[in-house]
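Listed in order, the protein sequences are those of chains A and B. Just so we're aligned: the first sequence equals residues 4 to 503 in this note's numbering. Just so we're aligned: the second sequence equals residues 4 to 503 in this note's numbering.
Just so you know, these hints were derived from the structure itself, not from any lab. Do not rely on the hints blindly, as some may be mistaken.
Far from chain A by the CB rule (all over 12 Å, computed), these chain B residues [claimed, not checked]: (1) Leu52; (2) Gly77; (3) Leu184; (4) Ala195; (5) Asp214; (6) Leu288; (7) Phe326; (8) Leu378; (9) Gln439; (10) Gly443; (11) Asp495.
Far from chain B, by Cβ distances over 10 Å, these chain A residues were calculated [unchecked claim]: (12) Glu123; (13) Asn155; (14) Gln210; (15) Gln321; (16) Gly450.
Among chain A residues calculated to face chain B with C-beta under 7 Å, some are [as the list claims (entries may be wrong)]: (17) Lys21; (18) Asn26; (19) Asn27; (20) Leu55; (21) Ala56; (22) Glu228; (23) Asp247.
Every residue gets a Cβ at the ideal spot worked out from N, C-alpha and C, and that includes glycine.
2 protein chains.
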Amino acid sequence: MSETTQQLYNEYVSLMQKAADLNNAAALLEWDHEVNMPPKGAAFRGRQLATLASQAHEILTGKEMENVLNALSGAEGLSDTQQANVRISQQDFEKNRKLPSSFVSALSNQTTLCYNAWIEARQKSDYGIYAPHLAKMIELKQEQARLYGYTNHPYDALLDDYEKGANTVMLDKVFEDIKRLLPPVLSKIKDATQVSDECFLQFFGKQSQWDFSVDVLKKMGFDFEAGRQDFSEHPFTTSFAPTDVRVTTRVNEDDYAALLWSTIHEGGHALYEQGLPEEQYGLPLGSAASLGIHESQSRFWENCIGRGIDFWKHFYPQLQKYFPAQLGKVNLDTFYDAMNRVAPSLIRTEADEVTYHFHVLIRYEIEKALLGGELKAEDLQAAWNDRYTRYLGITPPNDVKGILQDVHWSHGSFGYFPTYSLGSFYAAQFYAKAKQEIPGLKDMLQGGEFAPLLQWLRNGVHVHGRRYTSEELCHRLTGEHLNIDYFMQYIDAKYATIYA
Amino acid sequence: MSETTQQLYNEYVSLMQKAADLNNAAALLEWDHEVNMPPKGAAFRGRQLATLASQAHEILTGKEMENVLNALSGAEGLSDTQQANVRISQQDFEKNRKLPSSFVSALSNQTTLCYNAWIEARQKSDYGIYAPHLAKMIELKQEQARLYGYTNHPYDALLDDYEKGANTVMLDKVFEDIKRLLPPVLSKIKDATQVSDECFLQFFGKQSQWDFSVDVLKKMGFDFEAGRQDFSEHPFTTSFAPTDVRVTTRVNEDDYAALLWSTIHEGGHALYEQGLPEEQYGLPLGSAASLGIHESQSRFWENCIGRGIDFWKHFYPQLQKYFPAQLGKVNLDTFYDAMNRVAPSLIRTEADEVTYHFHVLIRYEIEKALLGGELKAEDLQAAWNDRYTRYLGITPPNDVKGILQDVHWSHGSFGYFPTYSLGSFYAAQFYAKAKQEIPGLKDMLQGGEFAPLLQWLRNGVHVHGRRYTSEELCHRLTGEHLNIDYFMQYIDAKYATIYA
Numbered sequence: 004m005s006e007t008t009q010q011l012y013n014e015y016v017s018l019m020q021k022a023a024d025l026n027n028a029a030a031l032l033e034w035d036h037e038v039n040m041p042p043k044g045a046a047f048r049g050r051q052l053a054t055l056a057s058q059a060h061e062i063l064t065g066k067e068m069e070n071v072l073n074a075l076s077g078a079e080g081l082s083d084t085q086q087a088n089v090r091i092s093q094q095d096f097e098k099n100r101k102l103p104s105s106f107v108s109a110l111s112n113q114t115t116l117c118y119n120a121w122i123e124a125r126q127k128s129d130y131g132i133y134a135p136h137l138a139k140m141i142e143l144k145q146e147q148a149r150l151y152g153y154t155n156h157p158y159d160a161l162l163d164d165y166e167k168g169a170n171t172v173m174l175d176k177v178f179e180d181i182k183r184l185l186p187p188v189l190s191k192i193k194d195a196t197q198v199s200d201e202c203f204l205q206f207f208g209k210q211s212q213w214d215f216s217v218d219v220l221k222k223m224g225f226d227f228e229a230g231r232q233d234f235s236e237h238p239f240t241t242s243f244a245p246t247d248v249r250v251t252t253r254v255n256e257d258d259y260a261a262l263l264w265s266t267i268h269e270g271g272h273a274l275y276e277q278g279l280p281e282e283q284y285g286l287p288l289g290s291a292a293s294l295g296i297h298e299s300q301s302r303f304w305e306n307c308i309g310r311g312i313d314f315w316k317h318f319y320p321q322l323q324k325y326f327p328a329q330l331g332k333v334n335l336d337t338f339y340d341a342m343n344r345v346a347p348s349l350i351r352t353e354a355d356e357v358t359y360h361f362h363v364l365i366r367y368e369i370e371k372a373l374l375g376g377e378l379k380a381e382d383l384q385a386a387w388n389d390r391y392t393r394y395l396g397i398t399p400p401n402d403v404k405g406i407l408q409d410v411h412w413s414h415g416s417f418g419y420f421p422t423y424s425l426g427s428f429y430a431a432q433f434y435a436k437a438k439q440e441i442p443g444l445k446d447m448l449q450g451g452e453f454a455p456l457l458q459w460l461r462n463g464v465h466v467h468g469r470r471y472t473s474e475e476l477c478h479r480l481t482g483e484h485l486n487i488d489y490f491m492q493y494i495d496a497k498y499a500t501i502y503a
Numbered sequence: 004m005s006e007t008t009q010q011l012y013n014e015y016v017s018l019m020q021k022a023a024d025l026n027n028a029a030a031l032l033e034w035d036h037e038v039n040m041p042p043k044g045a046a047f048r049g050r051q052l053a054t055l056a057s058q059a060h061e062i063l064t065g066k067e068m069e070n071v072l073n074a075l076s077g078a079e080g081l082s083d084t085q086q087a088n089v090r091i092s093q094q095d096f097e098k099n100r101k102l103p104s105s106f107v108s109a110l111s112n113q114t115t116l117c118y119n120a121w122i123e124a125r126q127k128s129d130y131g132i133y134a135p136h137l138a139k140m141i142e143l144k145q146e147q148a149r150l151y152g153y154t155n156h157p158y159d160a161l162l163d164d165y166e167k168g169a170n171t172v173m174l175d176k177v178f179e180d181i182k183r184l185l186p187p188v189l190s191k192i193k194d195a196t197q198v199s200d201e202c203f204l205q206f207f208g209k210q211s212q213w214d215f216s217v218d219v220l221k222k223m224g225f226d227f228e229a230g231r232q233d234f235s236e237h238p239f240t241t242s243f244a245p246t247d248v249r250v251t252t253r254v255n256e257d258d259y260a261a262l263l264w265s266t267i268h269e270g271g272h273a274l275y276e277q278g279l280p281e282e283q284y285g286l287p288l289g290s291a292a293s294l295g296i297h298e299s300q301s302r303f304w305e306n307c308i309g310r311g312i313d314f315w316k317h318f319y320p321q322l323q324k325y326f327p328a329q330l331g332k333v334n335l336d337t338f339y340d341a342m343n344r345v346a347p348s349l350i351r352t353e354a355d356e357v358t359y360h361f362h363v364l365i366r367y368e369i370e371k372a373l374l375g376g377e378l379k380a381e382d383l384q385a386a387w388n389d390r391y392t393r394y395l396g397i398t399p400p401n402d403v404k405g406i407l408q409d410v411h412w413s414h415g416s417f418g419y420f421p422t423y424s425l426g427s428f429y430a431a432q433f434y435a436k437a438k439q440e441i442p443g444l445k446d447m448l449q450g451g452e453f454a455p456l457l458q459w460l461r462n463g464v465h466v467h468g469r470r471y472t473s474e475e476l477c478h479r480l481t482g483e484h485l486n487i488d489y490f491m492q493y494i495d496a497k498y499a500t501i502y503a
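Assemble the whole structure, with the sequences as input and the hints as a guide.
So, in structure tokens, the structure goes:
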């Protein structure tokens, strides 16, 4: 590499890392907001976050960045890694600059209004309070799609923010498969002997729940020297560097499921963040590939591993020691069946592995129709309730348990939901491959030995950052593109034993 | 105000508040560093802090700020408050721009080196490891004094950063008074019947210590809706806005004093921060007047109130309920005497109200000599130990209990220590005035009614921000400038009853 190219690349790295510092500081402010902040702190916290975001945005879309990216375009002597960083940053830059700052600021203001309206609407369980603000948000998202540009459907332009390469053609096919393949599974389950989850619905003391969750995270490979777990109302994972990754969980002393699956799910996200290469801090190759791939990691651990019998052959005796009164007489099979109970429900985040995807399907259909202009915000409540009745056979009794349950739209996050289903399907496909490639995996899981599995995910997914798109990564790891058959095989095999 | 002046002022406010957002975000990152951060997070946290600081510095010293301040200089129609903000910001700007960015960055690098050397030197209790780095730091501080400019002594230039208006002429006089007035007090105490602090040195369970400290903070008027208390190794107060002020404390289950005085001391700082006017966020009038005035608030609460008999007439029965086994049979007088025990000691932060000022005096003499070039870093250990022997009659057995005990110099904070003594003296003077101006204060304190006292401090100190210098503020509040006689009267009266 010539000295000038090296200098230019260093300058590029320096700008990117400065922006990352600001964004990571913002992430800490947001974490603190959910975990620690006293209530009156909200107003100034809001403006502090806005300043950090705008300072980062200025760097990422500024003249200096433009010049250095232009100068590096086609420069000789960059390594493969360096070229990949520059190429992806150029794409990001081109995309970011399509949004004028007046639009960015209008979107940010509408997000505040819309979020506040959502909070109030939830308190009163009245979608009508939220509807006009959401309508304005939808207009802005349609405008954003126009600004980004698209060839087929406006929704494609927004999907790209969360899952580069995903589009409505691909997702239509995925959700058609869901509509075709899952109902027969559900009806077989419905006809079988039902399983009970009552062993979860006992009193479980908070401290013991917490202690066991820490044991599990440690065993999974979460590095508590480079992260921590806290409580928050809604569990989430955030990261300020691969060396400081935070998960949160929630506790319900009358339902152990609340904490247990949150911890394992967020633990999966966190292992991904801790596995990103430190030396690529602030650069595309130091960032997660996509939301779908991120979700593949959380669902891999939560579902494929954490709701699997092998995992519990190791952990259940320990859990029984924490809760002898509650679980001492519950055998492992009963506990295993309970955690895998399938039943249509109203709340997405509490759904089982099968019905979950109808929740996503409903949101996908609605988002696509909203962006396409075929559905209006004012008609959303009816559209939502109709679909829950049609797909899941149950109708929300009120808006909090229906149209108002998710925060995403109030944040302007249209195109986010499909990544939840993609994550599950990638996870099942990765898990099938892991079983092939890691000899003795079953024994390892039963023995509480997770390091080889984590290393396999590190090598196959984590270390690459954004070098590959989701589909490239999936193909490199499994030899084929996303294939929902793996999920169906996983589901069929699992529930055949539970619902015999 | 003309429309242009209004526009200019708004632009000034916007720049200042942007810088404040960045600095407040940095304060949260530092708080998190002390309270939550996992150990491996340190490296990236360091660079994130550096980026936030440099972005704030760029705004505060940039061309935009210069232009708007110049344009506002002498503009017609600004209110008194607006004029005060602009005037102080102009002074700050002129001062900040005297330091070239190459110097700022050299100082920042040396701070990192020096701090790391201090940590290592403490681990090995070996001042020799620290000395060469400190020598280089002193050179930089001498350079900083030259860059700022001074007429009398280089130390004056540095003092100005912490206590505008303070200088060596004023401080020489203050510390001459200490050297003259305190030894007779000490020798009288030495000749009297000694009091014991053994009632503090029992086992006090952590949770009850914590619970009582929260009760005390609430009674003092600390708003837990606009702040919180946490544990950290070294207690401190920080603020991200008047609506989010955080104190930390530390606990020693074998010595209740560790937590109790930390909480009340930091609580005093925190009440000041919560009392700053919200509408002046980011502006001089929304910031604390000086370190000395800040310390006056913490010491007012910790010493004048918190180590006073009236305060404990209210709180002691409650404390006894928390600790019946430990304190049930200890009467209030014994407890009161114990908390006011005077005895020369080696560690500044654990010193009593009388000997404390010799610790500061020693540091003042050393700092002044270092800046003046009469003392070298390599001779510091001897200079330190000699003075402890001379002034306090005890000699540090090792460097950790001697020259390595304070972090300040490793941060380059030369000129900070004197504000601790000034704070005590201002506190005593303010307290004398409060007793005059608040009818029935004694009864209020005995009844646990602190709101009128807090309101008096709010009106006299908090709401003014940096509108007045320390000395102006003192004069407005008490009718005279700093007068150490009030402190001496306070000390004489207090110890006359304890050491009869």
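Hint by hint, here is what the structure shows:
At roughly 8 Å, the least C-beta separation between Leu52 of chain B and chain A is not larger than 12 Å, which violates its mark as non-interface. Under the 12 Å C-beta cut-off, the non-interface status given to Gly77 of chain B relative to chain A holds; the minimum distance is some 30 Å. Interface exclusion of Leu184 of chain B from chain A stands, the closest Cβ pair being 43 Å apart, more than 12 Å. Under the 12 Å C-beta cut-off, the non-interface status given to Ala195 of chain B relative to chain A holds; the minimum distance is some 46 Å.
Under the 12 Å C-beta cut-off, the non-interface status given to Asp214 of chain B relative to chain A holds; the minimum distance is some 18 Å. Distance check for Leu288 of chain B against chain A: the nearest CB is about 16 Å away, which clears 12 Å, and the non-interface claim stands. Remark: the non-interface label on Phe326 of chain B is consistent with the geometry, its nearest Cβ contact in chain A lying 24 Å away (cut-off 12 Å). With a cut of 12 Å on Cβ distances, Leu378 of chain B stays outside the contact zone with chain A, its closest approach being about 39 Å.
The non-interface label for Gln439 of chain B is consistent with chain A: the shortest C-beta to C-beta separation is roughly 34 Å, beyond 12 Å. Chain A leaves Gly443 of chain B outside its interface by the beta-carbon criterion, the shortest separation being 31 Å against a cut-off of 12 Å. Listed as outside the interface, Asp495 of chain B is consistent with that label: its C-beta sits roughly 41 Å from the nearest C-beta of chain A, beyond the 12 Å cut-off. Its beta-carbon lying about 20 Å from the closest one in chain B, Glu123 of chain A satisfies the requirement of being farther than 10 Å from that chain.
No beta-carbon of chain B comes within 10 Å of the beta-carbon of Asn155 of chain A; the shortest separation is about 40 Å. In this structure Gln210 of chain A is separated from chain B by more than 10 Å, as the shortest Cβ-Cβ distance comes to about 13 Å. Separation of Gln321 of chain A from chain B is adequate, the least Cβ-Cβ distance of about 24 Å exceeding the 10 Å criterion. Remark: the non-interface label on Gly450 of chain A is consistent with the geometry, its nearest Cβ contact in chain B lying 28 Å away (cut-off 10 Å).
The criterion of a C-beta within 7 Å of any C-beta in chain B is met by Lys21 of chain A, whose closest approach is roughly 5 Å, and the hint holds. This hint is violated: Asn26 of chain A has a C-beta 10 Å from the nearest C-beta of chain B, more than the 7 Å allowed. Annotation: Asn27 of chain A was flagged as interfacial toward chain B, and the flag holds, the nearest CB pair being 6 Å apart, inside 7 Å. Proximity of Leu55 of chain A to chain B holds as hinted, the smallest CB-CB distance being about 6 Å (cut-off 7 Å).
Hint status for Ala56 of chain A relative to chain B: violated, with the closest Cβ pair at about 10 Å, above 7 Å. Interface restraint check: Glu228 of chain A against chain B, minimum CB-CB distance 5 Å, threshold 7 Å, status holds. A hinted interface residue such as Asp247 of chain A counts as satisfied when its beta carbon comes closer than 7 Å to some beta carbon of chain B; here the least separation is about 3 Å, so the hint holds.
Hints 1, 18 and 21 from the list above are not met by this structure, while the remaining hints are.
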